[in-house]
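Participant: Chain order of the listed sequences is A, B, C and D.
With the working numbering applied, the first sequence corresponds to residues 1 to 313, in that order.
With the working numbering applied, the second sequence corresponds to residues 1 to 115, in that order.
With the working numbering applied, the third sequence corresponds to residues 1 to 761, in that order.
With the working numbering applied, the fourth sequence corresponds to residues 1 to 547, in that order.
Source of the hints: derived by calculation from the structure; they are not laboratory data.
Just to be clear, a hint being listed does not mean it is correct.
[Said to hold, decoys possible] Looking from chain B toward chain A, a few residues come up when the C-beta cut is under 10 Å (computed): (1) 28; (2) 37; (3) 42; (4) 45; (5) 47; (6) 56; (7) 67; (8) 73; (9) 74; (10) 92; (11) 111.
[Said to hold, decoys possible] Sample of chain C residues with no beta-carbon within 10 Å of chain A, all distances over it, derived: (12) 91; (13) 229; (14) 723; (15) 755.
[Claimed, not checked] FRET-style restraints, in silico, Cβ to Cβ: (16) D:484 / C:731: 21 to 27 Å; (17) B:114 / D:28: 42 to 48 Å; (18) D:484 / C:51: 26 to 32 Å; (19) C:727 / D:28: 51 to 57 Å; (20) C:271 / A:7: 51 to 57 Å; (21) C:165 / D:28: 55 to 61 Å.
Virtual Cβ for every residue (Gly too), placed ideally from N, Cα, C.
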Amino acid sequence: MGPLINPWLLYGLCAVGAAGVALALPRRGVSPQVVGAGVGGAGLLGVFAALGVSNAAHLPNLHFYLFSAIALGSALRVITHPRPVYAALFFVLTILASCGLYIVLGAEFMGFALVIVYAGAILITYLFVIMLATQAPTADRVDALSEYDRVSREPLVATIVGFLMVGALTGMMARGVGTIPAPAPGADPRAGLLMMLPGKVERELRERALIGRDDVILTASDGLPAMDLAARTVRVGSPGGAEQRTAPIPADVRVSNVEGLAFELIANHPGAIEIAGVILLMAMLGAVVLARKKVDLDEHERPAAFGPGGGHP
Amino acid sequence: MSAILAQADYPALMSAPTLFHYLVVSAFMFGLGLVGFLTRRNLIIMFLCTELMFQAAGLALVAFSRFHLNHTGETFVIFVLTVAAAEAAMALALVVLLFRRKETLDAERWEEMRG
Amino acid sequence: MSDVTTGILTALGGVGTLAASGGDAAAHAPASGGALPAASPLVLLIPLLPLLGCVLCGLCAAAGVRTKLPAWLTVACLGAAFVAALKMLGDATGGPGTHATIAHAFDWFRIEWGKGPGGVSRELVANFSFYVDTLTCLWMLFVTGLATLIGLYASEYMAGERGPGYCRFFAAFNLFVLSMSCLVMGDNLLLLYLGWEGVGLCSYLLIGYFYQKPSAVAAAKKAFIMNRIGDLGLALGIMLTFVKFGTVEYAELFERIRPFVELARHGRFDEIPFSVQLIPLLFTVGAFGKSAQLPLYVWLPDAMEGPTPVSALIHAATMVTAGVYLVARFIPFYVCSDLALPVVAWVGTLTALTAATIGMAQFDIKRIMAYSTVSQLGYMFAGLGVLTSTGAAFHVFTHAFFKALLFLSCGAVMHGFGGQLDLRKLSGVRKMPGWGIVGVCMLVGCLNLSGFPLLTSGFFSKDMILAQAFTTPGFAAIGWILLLTAGLTAYYTFRVYFRVFEGPSQFEPGDEAHAHADPGDQAHAHAPAGHAHGGHEHGHGQGHGDGHFHPHAPGWAINTVLAVLAVCSTAAIGAYFIDRDHHGWVGRMVDSSTAAWEAPGAGHSGAHAEPPAETGHGAAPGTFLGMDPHAVMYYVSAVVALVGIGAAWWLHLAGRTAAATSRADGLLAAAGPVARGAQGKWFVDEVYDALVVTPLWVLAHVFHLLDKLLIDGLVNLAGWVPRGAGRTASTGQNGLLHSYALGMAGGLAIVLVVALFMVKN
Amino acid sequence: MIQKIQSLWPEIVLFATACVVMVVGISPSVAVRRSCGVIAGLGLALAGLVAIDWPGPASSVVWPALAPYVKVLVAGVGVLLLLVLAGLPDREYEAAVAHGQRYDPIRANRAEFYAFFLFSIMGVMLVSGAEDLIWLFLALELTSLPTYIMVAISSSRNRSLEAGVKYFFLGALGAALFLYGFALLYGATGSTNLETIRQVIAQQRLGSEAVNGVALAGALLAVIGVGFKIAAVPMHFYTADVYQGAASPVTAFLAFVPKTAGFVALILLLTTIGWGYGPSGQSLPEPIRTVLWVIAAMTMTVGNVLAVVQSSVKRVLAYSSIAHSGYMLVGLVAGPGPAGAPFARNGIAAILFYLLCYGVMNLGAFAVMASLERRSRSGATEEADSIDDLRGLCTTRPMLGWIMVVSAVGLLGMPPLLGFFGKLPLFTSGIGAGEIPLVVVLGINSAIAAYYYLRLAALALLEDPDVTPVGGGLSENAPPGRKFAGFICAAAVIGLSALAWPLINLADGAAKYEPRLTPGSAVSAREAPIVPSADALTEPRAASGRP
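All chains should be built: construct the whole structure from the sequences, respecting the hints.
Facilitator: Below you can see the structure in the form of structure tokens.
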């Protein structure tokens with residue numbers, strides 16, 4: 001198995017991307033942002049074109065191209081747009097495009113959660129703070145923006161550093177991605193989760209009229225639902241238990257993304273949920289402590305606040 | 001090529017991009033976030049750039065999750081999201097505090113200590 | 001350094017193999033010293049009493065004592081320790097056997113580091129235990145004895161410091177004796193190292209005692225750094241010893257080295273592992289640092305910035321002989337290397353010569369004494385190197401007394417003349433009222449140092465080394481150099497004596513007297529002369545407001561100590577004549593310890609005039625111009641000493657009279673023909689300058705220059721490189737968030753790129 | 001999960017204490033509010049006791065005894081830290097307000113401060129019990145997020161804010177880096193369970209002797225990103241500014257708590273990537289070993305070299321803290337040695353023991369700095385920070401002076417003191433692992449460190465006090481707890497060296513290394529369907545492919 005992509009081609013294209021980003025960063029005077037964005041995009045396109053040439057059979061579909069182009073393009077605008085509000089809005093766009101990619105990857109729940117939580121909540125907070133903390137621009141001119149927004153710092157060195165890292169990362173990924181141990185072809189480790197959902201199977205079977213109205217899924221001697229996932233069959237019987245038979249589980253009855261995620265989350269990471277809760281509590285407390293405003297206490301309020309003798313060294 | 005994502009119940013209408021495609025997008029997003037962090041001087045945008053890097057990690061996690069056909073990566077993204085939210089809350093509060101002190105968001109204004 | 005590294009590498013070869021090398025002898029009695037009989041618990045008093053003294057001085061400091069109490073406490077504790085040392089000597093030599101014993105104080109640490117064959121656990125054991133054999137006794141005897149005497153001396157000498165400084169001084173003084181007893185008496189290398197560092201620390205603290213003097217601080221720093229270089233060698237040596245032998249306890253080490261000694265005895269050095277041969281070389285580095293040998297000697301002359309009692313005790317008599325002790329204690333290791341002893345001998349010899357030549361060109365009398373200390377230490381190392389540990393130990397013993405005597409006499413002069421140390425500004429001190437004892441004692445010390453025949457112990461101890469140098473095959477050149485050095489020693493010693501103590505009585509007070517005359521200057525409130533005249537018990541009543549200076553003669557404490565030391569250093573001759581079978585008393589002490597040339601406890605018979613030919617050359621004993629060196633050396637060295645003294649007399653006393661405008665007419669008459677007038681004296685001086693001094697001066701200054709440029713340069717460089725690098729590196733710390741982020745990301749990027757090129761597939 | 005909860009009692013106690021503290025902190029009564037510190041201390045002590053008495057089941061398969069040791073260590077040093085921290089937030093401030101200064105609620109934050117403190121300690125404890133990358137990520141965040149706030153609010157000066165913003169933003173960058181690393185580690189192995197990752201990577205290394213490129217990149221990013229917590233090169237830049245800007249007690253906290261978390265996390269991470277198998281013995285993969293080697297050498301050198309030129313005590317201690325991380329990295333490079341290796345060869349045991357030594361010695365030095373303040377020319381009090389403030393401290397304030405001397409000499413590693421016994425196993429483990437050049441670098445760096453540590457000690461001990469300071473004198477206006485904590489630390493530096501042996505035994509026991517490789521189990525466990533057992537909901541271990 002040859003390399004996924006010629007490493008030197010990869011590094012060259014990373015360099016092209018770097019040049020584009022360096023050009024696109026805001027700077028004093030005329031900044032060739034369009035040119036930069038074009039060059040950067042060309043570099044990225046080159047990577048995918050090269051990938052496509054060597055793996056024509058697996059050429060990704062249009063959605064992938066569309067969403068990744070939007071994601072990366074708006075990410076570029078996030079870091080190049082001189083106006084913080086626009087940058088934040090472009091970040092929202094990046095998030096939305098990422099959601100698209102998530103959905104392409106079959107992670108529907110995370111995709112939508114990302115829209116709601118990230119784009120909906122967090123970014124709104126950002127916008128809020130940006131508007132709070134920025135002097136209201138009077139005119140719609142770039143000149144009215146603060147100097148620190150208009151001029152980026154060390155664009156060349158920073159870009160070189162950043163893309164050195166990108167090049168090294170992608171280079172290592174290109175070398176290693178082929179040997180990651182993957183599930184055997186045809187095997188879906190998630191299929192086993194169906195065992196945890198007898199109710200869902202029963203409902204599906206009933207809706208498809210594969211079992212009768214009164215039939216229920218039986219329980220095996222070990223307490224588990226009597227399903228044979230290899231053969232995709234299930235033993236069902238009437239409530240009295242008199243009549244037992246085996247019903248096939250249709251191929252499209254499978255654990256949905258949300259269900260799988262829920263099982264993973266609750267079964268394997270309950271502790272992490274608790275820690276996340278503590279982090280959120282702590283962060284709330286921190287934000288409150290940090291953002292408190294000064295208040296002036298009246299003279300008569302001070303003893304109440306600090307107690308008698310509290311203030312005397 | 002084993003790095004194909006078209007395993008199991010991959011949506012039929014999609015053809016088969018390889019894992020590496022997603023990783024490239026993720027790495028570039030990560031790099032852009034890094035470059036932004038290094039070049040932008042607005043504290044809020046700088047923090048936005050770290051969020052971009054978190055987002056890149058999230059994309060990689062979901063792609064890996066898809067590749068390994070388990071949900072661990074997606075679960076990880078939930079927690080990444082949580083931490084990002086927590087960090088954002090605190091960072092924004094800090095930024096507000098800083099802005100009150102110096103009436104500016106310029107990171108370069110905080111350079112009293114050195115050496 | 002790279003040699004050391006490769007040595008360690010080969011020695012390690014994976015510590016795992018230690019099991020084989022160190023562990024095969026590891027029947028390893030878990031209880032330390034189980035092999036050796038227990039010594040009397042009285043031995044524990046020796047380190048304990050100085051500790052008590054240290055604590056008491058600390059309490060005095062806390063209580064704000066402003067009297068001489070700390071000094072008396074110190075003297076009492078150290079005196080008691082001396083008595084205990086005497087008792088220890090009695091135990092060690094009185095009983096039927098003269099083998100080593102061990103006094104166990106408490107367990108220090110014991111680290112289990114694996115299982116040996118048979119499930120025996122292997123441990124690093126190092127306890128607070130004291131190894132008592134005759135070598136220990138010999139050393140502790142003069143350490144505690146001299147410390148007591150010098151403590152008494154210091155009670156008066158430091159009287160001007162009473163208060164916290166006085167307590168601090170005596171606390172450090174006690175701490176030094178404690179550390180020294182750990183060093184000498186420890187039964188394992190780690191305790192020795194603890195003591196080794198401890199004496200270094202005390203030395204640092206005491207050199208820097210006058211910490212307001214920049215030169216004192218610089219000298220303390222220099223001593224510290226030079227000693228660290230040596231300590232690194234010792235530490236590596238100890239590690240290597242542990243790695244190689246699996247223990248640091250003497251009792252076992254000397255057992256385990258025995259097979260190698262056997263090999264060396266038959267000249268089969270190539271069968272001894274290189275790492276074993278490396279150990280003595282590393283120890284040597286440590287010994288050279290502590291004992292101020294080439295090229296690490298430069299700190300010692302500078303160390304004279306400390307108070308004189310410190311110079312006498314630490315930098316002349318005891319601490320600097322720690323290196324000699326180390327080598328003597330580990331003689332069995334040294335014979336296992338065919339390189340170590342010649343290195344020791346040659347370095348010692350060259351040091352002796354170098355320091356003597358430098359000493360000749362100095363004017364500061366304390367510095368001259370310091371160089372002479374370096375030179376005499378060189379003698380001791382040369383003695384060790386040419387296979388006479390007895391001679392070396394004997395010289396250590398006698399040198400301790402007469403050098404302490406010399407220093408204390410110089411200190412008395414310095415104390416009396418307001419810190420004046422320049423021999424050009426002092427003359428005829430012996431004649432001044434109240435200075436007679438000092439003068440006589442100085443004379444005794446000088447005679448000892450120069451090796452005046454028959455009357456002095458220095459003569460016999462030096463003689464032993466010289467004779468052995470000619471006896472041991474292959475070291476004749478060393479003998480000749482040492483002989484030359486002996487002549488130079490006699491010359492510069494008496495140069496001091498004749499200039500300062502004889503001749504016309506003239507003096508010019510030192511800086512501290514002037515400083516004291518200026519009432520506004522508080523910075524020198526601590527200077528010895530300061531209070532000496534203010535509230536001294538035999539102070540010379542008169543005020544000093546007029547700036548007029550009167551030397552003040554030493555009091556009873558100083559005089560007593562000097563007299564006792566003078567008697568001791570003469571009485572030490574006795575040690576040569578007692579027990580002649582063993583080369584004297586010291587010889588017997590040495591022979592029944594590990595410093596003997598045969599393995600300890602090997603049941604050697606008394607009379608062994610020649611050390612066994614373990615160098616393996618098998619050559620016949622050398623001769624001195626065809627005669628038996630041991631027989632003829634008495635006469636040769638006597639002649640050399642007398643020639644040196646004569647030269648000094650001729651150059652420094654005889655010619656000085658005409659120039660004198662003072663009252664020293666009697667001395668003038670004694671000095672020789674009055675006909676030699678001022679002109680003749682000038683003539684002699686010029687010839688002397690042109691013919692003798694200039695070349696030696698040049699030589700001395702070349703070495704001095706080497707000091708300044710090379711050694712100081714290195715020391716400065718060692719300090720400067722990190723500073724410079726720090727300055728450069730701290731430009732990266734410019735306070736900007738972005739720069740930091742850039743640095744972090746850049747570093748990470750470099751790491752990733754490097755890793756990218758390292759990763760395969 | 002039930003078993004897991006048993007091992008989490010200390011954390012639960014801490015969380016409960018934090019909640020109590022927060023509630024008590026909003027009480028209108030000053031006296032009640034003042035009890036926050038006491039409550040926090042009691043909770044911490046209780047947590048430590050629980051960690052001793054109730055270690056629960058083995059927290060990590062490879063390091064069965066690591067977590068209890070770390071928890072007890074953190075709780076123990078934490079109590080001392082609390083003594084130093086107590087009164088930091090508002091003591092002087094309350095006095096100032098009483099004298100008419102404007103009330104600034106940013107500084108009236110006693111309860112929250114203790115809560116952050118407890119949260120952070122809780123984070124370290126969680127790190128030590130991590131079995132999963134997700135858990136590890138969250139625990140690391142929980143450790144560091146409160147510290148950002150603590151730095152920013154530790155004093156009312158702009159410097160604290162500056163330190164806070166630098167620490168926070170660079171910390172977020174570091175977090176992003178190691179998060180990406182974790183993502184790649186997961187991607188390369190298909191699991192976030194540390195033990196499974198270890199097994200998968202071990203199988204790969206057994207097979208081809210090379211580590212997957214993705215795993216390697218992930219491990220490097222993770223190691224360097226976590227390196228931010230321990231201030232390892234190249235993530236060290238923030239250290240000096242942050243340490244200087246934060247109030248001294250918080251700095252003492254920063255120098256110990258995140259560093260402990262970082263080292264424990266590094267131990268766990270590097271365990272997954274490979275100590276203890278492969279044909280080549282027990283070394284790390286070559287790229288990682290090389291990188292760690294260089295980082296260790298650079299960290300020591302940079303820290304020491306920069307410390308030499310500082311004139312601020314806190315910056316000296318900051319850079320020396322970098323250097324100490326470098327020393328400990330030597331233990332990481334050396335690794336745990338072969339299974340059942342003795343203490344002297346176990347670099348991990350050396351790290352664990354050194355963390356204890358460093359925590360105590362460093363806290364002593366910071367306690368002194370926290371106890372001193374200087375009145376500036378304008379009349380305001382500020383922290384004593386200049387190296388000249390130490391001049392003659394043994395004369396003017398003997399107790400503080402001697403604490404400083406003992407701590408500095410101990411940090412230097414002078415033989416009879418605790419620091420020496422801490423450094424010794426680092427040397428021996430380095431030699432044992434054959435890293436002679438690195439040990440030589442360590443030795444040289446110890447020598448450089450002597451320069452500035454002796455300067456600290458000598459200034460306090462030998463110099464005369466500054467009689468006419470530039471702007472107002474030095475004063476000592478701190479809660480007595482700080483001095484007390486300093487005294488305990490100094491006593492420990494001296495006393496623990498005599499008791500080093502049992503402590504070494506503890507560290508040795510905590511670093512017992514049991515790498516087991518179950519051939520084939522990892523891959524099959526991962527590929528098998530999630531075992532649908534009845535107790536899957538309550539027993540995640542069964543689902544994660546444990547043998």
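Participant: Indicate, hint by hint, whether the structure satisfies it.
Facilitator: Hint by hint, here is what the structure shows:
A cut of 10 Å between beta carbons decides the hint on residue 28 of chain B: the least distance to chain A is about 6 Å, and the hint holds. For residue 37 of chain B, the suggested interface contact is upheld, since its CB lies about 8 Å from the closest CB of chain A, less than 10 Å. Interface restraint check: residue 42 of chain B against chain A, minimum CB-CB distance 5 Å, threshold 10 Å, status holds. At its closest, the beta carbon of residue 45 of chain B sits 5 Å from a beta carbon of chain A; the interface hint therefore holds under the 10 Å criterion.
With a least beta-carbon distance of about 8 Å to chain A, the hint placing residue 47 of chain B at the interface is held under the 10 Å criterion. Evaluation of the residue 56 of chain B hint against chain A yields a held restraint, the C-beta minimum of about 9 Å falling below 10 Å. Interface restraint check for residue 67 of chain B: the shortest CB-CB distance to chain A comes to about 6 Å, inside 10 Å, so the restraint holds. Given the 10 Å rule on beta carbons, the hint for residue 73 of chain B holds: about 8 Å separates it from the nearest Cβ of chain A.
Restraint check, residue 74 of chain B versus chain A: the minimum CB separation of about 5 Å is within 10 Å; hint holds. The closest approach between the C-beta of residue 92 of chain B and any C-beta of chain A is roughly 5 Å, which is under the 10 Å cut-off, so the hint is satisfied. A least Cβ separation of about 12 Å between residue 111 of chain B and chain A goes past the 10 Å threshold, and the interface hint is therefore violated. Even its closest Cβ contact with chain A, about 64 Å, leaves residue 91 of chain C beyond 10 Å, as expected for a residue assigned away from the interface.
At the 10 Å boundary, the C-beta of residue 229 of chain C stays outside the reach of chain A, the nearest C-beta of that chain being 42 Å off. Distance to chain A confirms residue 723 of chain C as a non-interface residue, since its nearest Cβ pair spans about 28 Å, more than 10 Å. At roughly 7 Å, the least C-beta separation between residue 755 of chain C and chain A is not larger than 10 Å, which violates its mark as non-interface. Remark: the range hint 21 to 27 Å for residue 484 of chain D to residue 731 of chain C is contradicted by a beta-carbon distance near 41 Å.
Taking the beta carbon of each, residue 114 of chain B and residue 28 of chain D are about 44 Å apart, inside 42 to 48 Å as hinted. As the Cβ distance of residue 484 of chain D to residue 51 of chain C is approximately 27 Å, the hint placing it in 26 to 32 Å holds. At about 54 Å, the beta-carbon gap between residue 727 of chain C and residue 28 of chain D stays in the expected band of 51 to 57 Å. At about 55 Å, the CB distance of residue 271 of chain C to residue 7 of chain A agrees with the hint of 51 to 57 Å.
Between residue 165 of chain C and residue 28 of chain D the beta carbons are some 56 Å apart, a value that agrees with the proposed interval 55 to 61 Å.
Consistency with the previously given hints fails for numbers 11, 15 and 16, ordered from lowest to highest.
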